[in-house]
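2 protein chains.
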Amino acid sequence: MKNFTYYQPTRIVFGAGESEKIGTYLSSISRRVLLVYGEGSVIRSGLLERVKNSLDKEGVEYVEMGGVKPNPRLSLVEKGIALVRQHGLDAVLAVGGGSVIDTAKSIGIGVKYEGDVWDFYSKGLVPQETIPVAVVLTIAAAGSECSNSNVITNDYLHLPEKRGINYDVTRPVLAVMDPTLTYTLPAYQTAAGGYDIMAHVMERYFTREEGVDFTDRMCEATLKTVIRALPIALSTPDDYDSRSQLMWASTIAHNDLLSTGRVGDWASHRMAHQPSALYDLTHGAALSIIFPAWMRYVYKSDVKRFAQFAVRVWDVEPDFGDMEKTALKGIERMEDFIRKIGLPLTFTDAGIPYSRFEEMALRATGGDSFKLGAFYPLTSRDILDIYHSVI
Amino acid sequence: MKNFTYYQPTRIVFGAGESEKIGTYLSSISRRVLLVYGEGSVIRSGLLERVKNSLDKEGVEYVEMGGVKPNPRLSLVEKGIALVRQHGLDAVLAVGGGSVIDTAKSIGIGVKYEGDVWDFYSKGLVPQETIPVAVVLTIAAAGSECSNSNVITNDYLHLPEKRGINYDVTRPVLAVMDPTLTYTLPAYQTAAGGYDIMAHVMERYFTREEGVDFTDRMCEATLKTVIRALPIALSTPDDYDSRSQLMWASTIAHNDLLSTGRVGDWASHRMAHQPSALYDLTHGAALSIIFPAWMRYVYKSDVKRFAQFAVRVWDVEPDFGDMEKTALKGIERMEDFIRKIGLPLTFTDAGIPYSRFEEMALRATGGDSFKLGAFYPLTSRDILDIYHSVI
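Going down the list, the sequences are from chains Z and R.
Residues in the first sequence are numbered consecutively from 59, following the working numbering.
Residues in the second sequence are numbered consecutively from 59, following the working numbering.
Hints may be right or wrong, so weigh each one.
Identical copies go unnamed one by one, so any copy, or any two together, can satisfy a pair.
As the list claims (entries may be wrong) - Straight-line Cα separation of at most 30 Å, DSS-like style, residue types lysine-lysine; simulated pairs:
{"#": "1", "residue 1": "362", "residue 2": "282"}
{"#": "2", "residue 1": "115", "residue 2": "60"}
{"#": "3", "residue 1": "60", "residue 2": "79"}
{"#": "4", "residue 1": "110", "residue 2": "60"}
{"#": "5", "residue 1": "181", "residue 2": "429"}
{"#": "6", "residue 1": "383", "residue 2": "282"}
{"#": "7", "residue 1": "170", "residue 2": "137"}
{"#": "8", "residue 1": "358", "residue 2": "282"}
{"#": "9", "residue 1": "127", "residue 2": "137"}
Hint data in this document are derived by calculation from the structure and do not stem from the laboratory.
Using the sequences provided together with the hints, build the complete structure.
Put into structure tokens, the structure is as follows:
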């Protein structure tokens with residue numbers, strides 16, 4: 059187990075109806091906020107109106123910026139920074155999922171920086187401060203409501219580039235999590251969000267670090283929760299039990315509790331970012347293609363860990379004479395699960411051509427001379443093989 | 059699942075050697091601290107000297123107050139409050155386990171209150187602020203390093219009274235957790251600390267709340283971690299793997315993550331506080347007597363939950379035709395475990411007479427007309443029966 063620091067100061071307010079009280083919770087943090095949201099659903103569902111009413115009631119003023127898209131764009135972040143400065147706002151309220159929250163986080167650090175906010179993503183510049191970011195969460199998926207991560211796509215480049223950063227300063231100060239808001243999500247979004255949760259756990263689970271029994275078991279607990287709850291949420295969208303388990307699991311999956319003392323891999327995320335950036339493929343769907351392919355490519359290098367995954371997470375009966383077979387059975391069970399929840403397992407399933415695999419593989423590593431991932435460092439050549447294995 | 063708020067702002071620094079750097083971590087919080095510690099081991103082990111050297115090196119001044127005993131006393135809390143005021147200190151550094159940390163927390167809120175600090179414990183007065191409390195943890199047990207709880211014994215009363223409070227304001231700002239500090243603990247302290255961790259989880263686990271699958275599984279993960287690690291730590295005291303798993307589990311067991319959305323019971327804790335207050339019985343040892351007795355007294359009221367506990371935590375093979383038998387088997391396994399780690403299962407084992415059971419039972423409920431616990435509300439009569447069942 060590695061030494062670690064853990065700092066998770068986000069105040070979480072969780073439960074049915076809490077989103078209606080956002081004004082009350084926010085008013086002690088700010089009285090002038092930038093209200094950031096997405097495109098259609100938050101308006102259609104009436105949530106935006108209810109949030110505004112709550113802000114009005116508590117005397118919190120706001121300037122609106124809608125239009126955040128999946129794989130959120132740098133250009134909109136810049137617009138948000140300009141709005142905050144122009145109107146003298148002092149906090150950002152994100153109403154939405156990962157893309158909206160990531161946009162808000164990026165605005166938060168951008169406002170406090172005089173240069174180009176993309177410097178944080180492209181030059182390794184470390185953000186020192188942010189204006190406070192608060193969240194009303196509408197989907198169980200990215201875990202951005204408490205995480206120190208955000209991912210932005212630079213849409214000014216000829217070939218759009220998707221890049222993530224991880225700094226504690228970007229953790230929101232407040233996350234209001236109301237599982238009933240996820241009742242109206244399309245099934246595909248629910249499924250993709252659920253698989254994103256699982257991927258966040260699995261990136262941490264596959265480690266070479268020894269002496270991490272506790273976080274192993276916490277990872278397994280989180281995965282089993284999603285495996286149980288997700289199919290119920292898909293068949294009964296207004297089932298509070300499964301929706302609430304998914305929402306709470308999405309936060310814990312990515313607030314770094316599960317990576318304490320471990321070194322995660324994250325190659326699958328970076329491999330999945332490439333088709334998402336080029337073809338606007340939903341993050342969870344990119345992961346459902348890439349993650350099983352990555353597992354099949356690397357599992358022989360650590361049969362013991364993949365067998366543990368199979369037995370403890372997927373209830374595979376151990377084949378004591380053939381642990382490799384046991385390990386493989388776990389991957390198969392996961393693929394069956396992906397099929398069952400309606401996500402793609404191949405690029406063809408997702409309608410994505412394979413004309414640009416070489417380009418994607420090079421961008422995933424950052425060039426021929428670099429390797430990607432900690433559990434099993436991959437060359438661009440390995441990544442190309444992985445992409446090709448799931449045409 | 060109930061609505062909840064969750065706020066855990068303690069900055070955690072975890073790992074071998076981190077305790078030596080306390081001065082560096084503390085210096086950004088305070089330059090004048092009250093240094094609180096216990097009786098012998100922290101001095102004998104050289105830890106206190108190393109902490110002081112680190113403080114000196116970083117220019118953090120301190121006033122010392124040693125002598126904290128298990129079941130920490132109100133009189134020493136009052137002394138600490140006076141020292142802080144007299145020397146114009148602005149933070150408390152606790153070097154020790156639960157008793158030392160609880161003393162520090164109580165001093166923290168006491169300094170900011172003009173009245174008698176016991177008011178918070180006896181009158182339900184809510185503390186509004188505290189001076190910052192930082193911790194160097196020396197035992198995996200109480201979880202006080204991140205919890206919102208502290209328990210103090212009023213030693214001015216003819217019959218000493220042990221009372222706990224729970225307020226977010228008392229959570230420490232910094233917890234430095236170095237598992238190597240626990241290598242030299244006597245086996246009995248290691249065992250009692252380990253069972254205390256388990257009890258913190260079990261108080262949360264036994265709930266009537268439905269729709270809490272995720273926290274159920276997280277509780278089970280924590281219990282299984284302790285069940286695996288504790289016997290190793292007892293047989294190989296300097297095994298870093300098991301010591302680090304126990305220390306991290308002790309924090310998570312009691313920082314309220316595992317009670318999110320649930321209603322815990324806590325009757326066993328309150329029942330165990332009584333013999334501890336009267337006979338200075340170690341907290342974990344009082345719990346190892348009381349908790350199995352409580353389980354045997356109440357399990358028939360929720361066989362399903364106790365069967366889940368047996369199967370998922372203690373690997374009991376389900377008897378599908380007799381879930382009551384399955385449930386009972388889990389309790390038996392736990393009793394075997396308590397024997398194996400060398401803790402008492404009866405008052406006689408602990409050398410405690412049974413002359414004052416009635417008095418203890420009345421104090422546990424707070425009087426004949428009150429009931430104790432949420433999972434299975436107990437009368438003083440029930441408690442008396444439970445005490446008598448483990449003479």
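Here is how each hint holds up against the structure:
1. Within a single copy, residue 362 and residue 282 get their C-alpha atoms as close as 19 Å, and across copies as close as 19 Å, so both meet the 30 Å cut-off.
2. Only between protomers do residue 115 and residue 60 lie at most 30 Å apart by alpha-carbon distance; the minimum there is 26 Å, versus 48 Å within a single protomer.
3. Taking the closest pair of Cα atoms, residue 60 and residue 79 come within 30 Å of each other only across two copies (17 Å); inside a single copy the shortest separation is 41 Å, beyond that limit.
4. Taking the shortest alpha-carbon separations for residue 110 and residue 60, only the inter-copy value of 26 Å comes in at or below 30 Å, while the best intra-copy value is 45 Å.
5. When the C-alpha separation of residue 181 and residue 429 is checked against a cutoff of 30 Å, the pair qualifies only within one copy, where the shortest distance is 19 Å, while the shortest distance between copies is 62 Å.
6. Proximity of residue 383 and residue 282 under a CA criterion of 30 Å is satisfied in both settings, with 21 Å inside one chain copy and 26 Å between copies.
7. Within a single copy, residue 170 and residue 137 get their C-alpha atoms as close as 14 Å, which meets the 30 Å cut-off; across copies the closest is 45 Å, which misses it.
8. With identical chains, the CA atoms of residue 358 and residue 282 are at most 30 Å apart both within one copy (24 Å) and between copies (28 Å).
9. Proximity of residue 127 and residue 137 under a CA criterion of 30 Å is satisfied intra-copy only: 14 Å inside one chain copy versus 59 Å between copies.
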